[in-house]
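As you go down the protein sequences, you meet chains A and B in turn. Number 122 in this note's numbering belongs to position 122 of the first sequence; there are no gaps in the numbering. Number 520 in this note's numbering belongs to position 205 of the second sequence; there are no gaps in the numbering.
Check each hint, because a few of them may be wrong.
Claimed, not checked - Only pairs whose alpha carbons sit at most 20 Å apart, straight line, appear in this in silico EDC-like list of lysine to aspartate or glutamate:
hint : chain 1 : residue 1 : chain 2 : residue 2
1    : A       : LYS141    : B       : ASP620
2    : B       : LYS456    : A       : ASP40
3    : A       : LYS112    : A       : GLU81
4    : B       : LYS591    : B       : ASP549
5    : B       : LYS591    : B       : GLU547
6    : A       : LYS303    : A       : GLU232
Claimed, not checked - Just so you have them, the derived chain B footprint on chain A, three or more residues with Cβ under 8 Å:
hint : stretch
7    : 124-134
8    : 146-152
To be verified - Some chain A residues near chain B, calculated using beta-carbon distances under 10 Å:
hint : residue
9    : GLY35
10   : TYR39
11   : THR142
Don't read these hints as lab results, they were simulated from the structure. Every value quoted in this text rests on a predicted model; they were computed, and no experiment measured them. No residue lacks a Cβ here, since even glycine has one placed at the ideal position from N, Cα and C.
2 protein chains.
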Amino acid sequence: MAPDEFEVIARLLRPLAKGASESLGLMDDAALIPGRPGYDLVITKDAIVEGVHFLPGDPLDLVSRKLLRVNLSDLAAKGAEPYGYLLACAWPASRGWDDRARFAEGLAVDQKAFGLNLFGGDTVTTDGPMVFSATMLGWVKTGAMVRRSGARVGDLLQVSGPIGDGWLSLEAARGGLAGLPSESRVRLADRYRLPIPRLDLGLAGATASADVSDGLIADTGHIAAASGAGLEFDLEDLPVSEDARLWLAAQPDRAAALTALATGGDDYEIVVTAPKVLPGFQRIGRVGEGAGVTVRLNGQPLKIDRAGYRHGNEA
Amino acid sequence: MAPDEFEVIARLLRPLAKGASESLGLMDDAALIPGRPGYDLVITKDAIVEGVHFLPGDPLDLVSRKLLRVNLSDLAAKGAEPYGYLLACAWPASRGWDDRARFAEGLAVDQKAFGLNLFGGDTVTTDGPMVFSATMLGWVKTGAMVRRSGARVGDLLQVSGPIGDGWLSLEAARGGLAGLPSESRVRLADRYRLPIPRLDLGLAGATASADVSDGLIADTGHIAAASGAGLEFDLEDLPVSEDARLWLAAQPDRAAALTALATGGDDYEIVVTAPKVLPGFQRIGRVGEGAGVTVRLNGQPLKIDRAGYRHGNEA
Chain A
1 MAPDEFEVIA RLLRPLAKGA SESLGLMDDA ALIPGRPGYD LVITKDAIVE GVHFLPGDPL
61 DLVSRKLLRV NLSDLAAKGA EPYGYLLACA WPASRGWDDR ARFAEGLAVD QKAFGLNLFG
121 GDTVTTDGPM VFSATMLGWV KTGAMVRRSG ARVGDLLQVS GPIGDGWLSL EAARGGLAGL
181 PSESRVRLAD RYRLPIPRLD LGLAGATASA DVSDGLIADT GHIAAASGAG LEFDLEDLPV
241 SEDARLWLAA QPDRAAALTA LATGGDDYEI VVTAPKVLPG FQRIGRVGEG AGVTVRLNGQ
301 PLKIDRAGYR HGNEA
Chain B
316 MAPDEFEVIA RLLRPLAKGA SESLGLMDDA ALIPGRPGYD LVITKDAIVE GVHFLPGDPL
376 DLVSRKLLRV NLSDLAAKGA EPYGYLLACA WPASRGWDDR ARFAEGLAVD QKAFGLNLFG
436 GDTVTTDGPM VFSATMLGWV KTGAMVRRSG ARVGDLLQVS GPIGDGWLSL EAARGGLAGL
496 PSESRVRLAD RYRLPIPRLD LGLAGATASA DVSDGLIADT GHIAAASGAG LEFDLEDLPV
556 SEDARLWLAA QPDRAAALTA LATGGDDYEI VVTAPKVLPG FQRIGRVGEG AGVTVRLNGQ
616 PLKIDRAGYR HGNEA
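With the rest of the complex left out, here is chain A:
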């Protein structure tokens, strides 16, 4: 039976809001964000759906942490400092007190880990799957937010860490990757359930930035489109994890395998352009004339679309 919403607010949610006057104790119609002189506010809003973005059996404390983390990854990409969030939850009536409590536990853990507070939101009932959305707020110094639109010809294209683990980890969480050692599969599945937003990076000097959530090729495509520039990289230059290296070694078609890693998404690394290589980043390519993304394999252009790759010119 669905728990009493007032009790959920009082016992599970209000404790998540008590650290911040912005929340007004979750006792008001709205949250109040005082102006912060010298800063701009960065706001992002991502939603996750049971059966689409997380698996029906996933522990709900990991689901709520994932919800915060996919939103925090957007802040990381913008060079913003995490501040607080609003939360909308659509719960089926079959999800009782224990489910709500476990979800709130996950929020508490990651609020502490990332310096967040709950500012407000809404809880509603649905007769469909669970749907959760977070509206995440962060601060950047006035005018300092790194956009997707600033890439300039001659800049170096760089990523903050391994590409493709997001895709591999979804495969692992679904029970795939049978050829890999079980410790690799467990490590990858954990990464799927609990991505790590790269808030540890400094973006000073970056001309453009995005997080790798749709897949490296798609996200570099977003930078290319917003910047009106052409981005180029070679699949052999992508950093990959030890687990991905093991997996790659067993694949018969290396071009197809590298393409899968670069299109899979959910890596939550950061991709930037900058005149110099930034600390914590690794160069994978460059910004050139033209438009869109040019993907190469050992120097040869690959044409990549939804059907896969073929030798050709433009992703």
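Based on the hints, put chain B in the right spot on chain A.
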């Protein structure tokens, strides 16, 4: 078949964002809200679910307008000036281009009516009912937001308009209220689908304020709890519409009928406390010692709980 999300963004959503640089053309990871010296930001987030907050057959342009309006009502209660919003939509794959287009049309109409722009958000797929949430932003002068927590003993309790039409209009939209003339039923059903946020009111001088969304008794209860004060009113002093007056006249149990109007919710009028009656408001009661809400009928206390009312002392 589900339409292509990139085409939905490009053709339906980007036009809703083009009036505001905050949206970065919906081409970035996040929205950028520049600081506004001398102002605080007010943020509210409400979600609506098909079959719960709107009826499956409701026209989707009215659904999207209702989504904006229930959130705008929270801004109205806080004395905030509408600014912009982020939107998260969970669409079933069965909802195609025409549904998305009609939803976007409603957003465009009310963006114009209320001076809003779309700043960002997320679109996801669900195999359950439609779920939509808006995160609504507004500005108030620094320190000027009217909270729920400021009611003081001796203040007058006031509302901005008729109470109970929210509940009656839901009944009408469901095909009820057979005893009323058809023009009343149509007028009420329209009000259910398209509430009017009371952004036209000035709240200068108000010590506490809330919108009447949960029902007058619940919402005055929220003010009482946040303020640590007791609120008192008499059901016979509530302003009601001409349609409600017609309906009331036909009810055998006047106390039960007035209680239904005062508990039903979705009125989207504003309830305030203030030392004097504010322009556009009507006095219905007062703030006294004690706690909670005391509801009377012709001077006699009524005890009201989920089961209905009885003669007694505390709501």
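Here is how each hint holds up against the structure:
For the hint linking A/LYS141 to B/ASP620, the alpha-carbon distance of about 51 Å lies beyond 20 Å, and the restraint is violated. With a C-alpha separation of about 17 Å, the suggested pair B/LYS456 and A/ASP40 falls inside the 20 Å cut-off, and the hint holds. With a C-alpha separation of about 14 Å, the suggested pair A/LYS112 and A/GLU81 falls inside the 20 Å cut-off, and the hint holds. Proposed proximity of B/LYS591 and B/ASP549 is supported: the alpha carbons are some 18 Å apart, at most 20 Å.
Distance check on the hinted pair: B/LYS591 and B/GLU547 sit about 16 Å apart at the alpha-carbon level, within 20 Å; holds. Between A/LYS303 and A/GLU232, the direct Cα distance comes to roughly 13 Å. Compliance with the 20 Å bound is thereby established for this hinted pair. For the stretch 124-134 of chain A, the proposed coverage by chain B is satisfied: 8 residues have a C-beta within less than 8 Å of a C-beta in that chain, meeting the threshold of three. Only residues whose C-beta sits within less than 8 Å of a C-beta in chain B count toward coverage, and the stretch 146-152 of chain A has 3 of them, enough to reach three; the restraint holds.
Annotation: A/GLY35 was flagged as interfacial toward chain B, and the flag holds, the nearest CB pair being 6 Å apart, inside 10 Å. Taking 10 Å as the C-beta cut-off, the interface hint given for A/TYR39 holds, the closest approach to chain B being about 6 Å. Because the closest C-beta pair between A/THR142 and chain B is about 6 Å apart, less than 10 Å, the hint holds.
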